[in-house]
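Q: Sequence:
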Amino acid sequence: MNYIGSKLSLLPFLDEVFREVTDGSEKVFCDLFAGTGAVGRHFKGRGLQIIANDLQYYAYALNKAYIQINETPDFAWLRAHFKEAEAEPLAFINQLPGVSGFITKNYSPVGGRQYYTEENAQKADAIRQAIATWRESGLITEQEYFYVLCSLLEAIDQVANTASVYGAYLKKFKASAIRPLRLRPLELRNHVPNCRVFHRDANELITEIECDVLYLDPPYNHRQYGANYHVLETIAAYDDPKLKGITGLREYPKSSYCRQNAAREAMQQLICQARAKHILVSYNDEGVMSLQDIQEMLSLRGKPKLFQTNYNRFKADNGREYKRNATIEYVHYVRVVKAAAAS
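According to our numbering, the sequence shown is numbered sequentially starting from 795.
Hint data in this document are derived by calculation from the structure and do not stem from the laboratory.
It is possible that part of the hints are untrue.
The following label-pair restraints were derived from C-beta to C-beta distances [said to hold, decoys possible]:
# : residue 1 : residue 2 : range
1 : R1069     : K1038     : 23 to 31 Å
2 : E865      : N796      : 23 to 31 Å
3 : A874      : G839      : 30 to 38 Å
4 : K1097     : R976      : 28 to 36 Å
5 : H1016     : F967      : 29 to 37 Å
6 : A962      : N988      : 37 to 45 Å
7 : I972      : Q923      : 48 to 56 Å
8 : G906      : K1132     : 50 to 58 Å
In silico EDC-like cross-links for lysine to aspartate or glutamate, where the CA-CA straight-line distance does not exceed 20 Å [claimed, not checked]:
#  : residue 1 : residue 2
9  : K1071     : E882
10 : K899      : E880
11 : K1132     : E820
12 : K1038     : E1059
13 : K1097     : E814
14 : K1048     : D995
15 : K968      : E913
16 : K899      : D1033
17 : K1099     : E913
18 : K801      : D951
Just so you know, even glycine gets a beta-carbon here, dropped at the ideal spot from N, CA and C.
Given the sequences, and given the hints that come with them, work out the whole structure.
A: Pasting the structure below:
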């Protein structure tokens, strides 16, 4: 998934920093702003128990699959109930006939918007409705439900008729958007038990958890993830929201980390209340908080260090002009020596 703020290409840099500041005794890694889960998946692959969290439900669904599931589910009840699902459940799901539901009526030409072709929207509606019904009737487990939902979110993103994010759709369908929607098996990593995934406000959750390594990758600027990925949020939640405007935007929770003064206050609270041995903060040189802001906050818990690397900018569309093609990506670090503040 092409995702703003994804750390996929920065994983070698993050891994290098992690190896330098830890001693191998660490067991629990917490990613409070998990997004698509690239960082959590990486460190799960290294055998760490992961705590993942995100305010967006689509991100929660992705992490429920990749972080909590350790092997491809069996779909035993589904196989037993549908003869067509005996050999390969995902192939059976891919063959479900399309239906006209919320996605079709609001995100395809049927409803005057062109995020998806009518055929792909109908297929997505069919799959989304089916797994909800199967879950309610006990034909699939919670893990099986999130496995299919994750596969659907990844597949529907691949055929989206957008430049990148969901702030707008294209006037004409591009070639990739015309391809048929098809779910694919997930590539799961490592059998690590007791990983946990949350859909919470990070500043509330921090008072309820403990970890060895706390990794913080908050939004850097004013652009809200809820607006950029509102279509995926609706497909994941399938909650029939009221939509507004040409783009069909839903109501969404606003992150404090997208506003300068609120971001400083929220980040300081988060750092001060964290119960962790190590705190790492990803940020760049164009965020709403300054390098000095974050270093000063971390100094409340110990002696901060700073690591940096050059990073090619994420471009949401080719038409937008940027001051620079690259930014400096920082990892701020502190080994915690001062006790956490009372919640």
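Q: A separate judgement is required for each hint: does it hold in the structure or not?
A: Status of each hint after checking the structure:
1. R1069 x K1038: 23 to 31 Å: The hinted range 23 to 31 Å is violated for R1069 and K1038, with Cβ atoms some 41 Å apart.
2. E865 x N796: 23 to 31 Å: holds (27 Å)
3. A874 x G839: 30 to 38 Å: holds (33 Å)
4. K1097 x R976: 28 to 36 Å: Taking Cβ atoms as reference, K1097 and R976 lie about 52 Å apart, which means the hint is violated.
5. H1016 x F967: 29 to 37 Å: holds (31 Å)
6. A962 x N988: 37 to 45 Å: For A962 and N988 the Cβ distance comes to about 42 Å; the hint holds.
7. I972 x Q923: 48 to 56 Å: About 23 Å separates the Cβ atoms of I972 and Q923, which means 48 to 56 Å is violated.
8. G906 x K1132: 50 to 58 Å: holds (56 Å)
9. K1071 x E882: Between K1071 and E882 the Cα gap is close to 45 Å, so the pair fails against 20 Å, i.e. violated.
10. K899 x E880: violated (32 Å)
11. K1132 x E820: The given pair, whose Cα atoms are some 18 Å apart, holds under the 20 Å limit.
12. K1038 x E1059: violated (31 Å)
13. K1097 x E814: holds (15 Å)
14. K1048 x D995: holds (10 Å)
15. K968 x E913: holds (15 Å)
16. K899 x D1033: Given pair K899, D1033 holds - Cα atoms ~14 Å apart, limit 20 Å.
17. K1099 x E913: Between K1099 and E913 the Cα gap is close to 52 Å, so the pair fails against 20 Å, i.e. violated.
18. K801 x D951: holds (18 Å)
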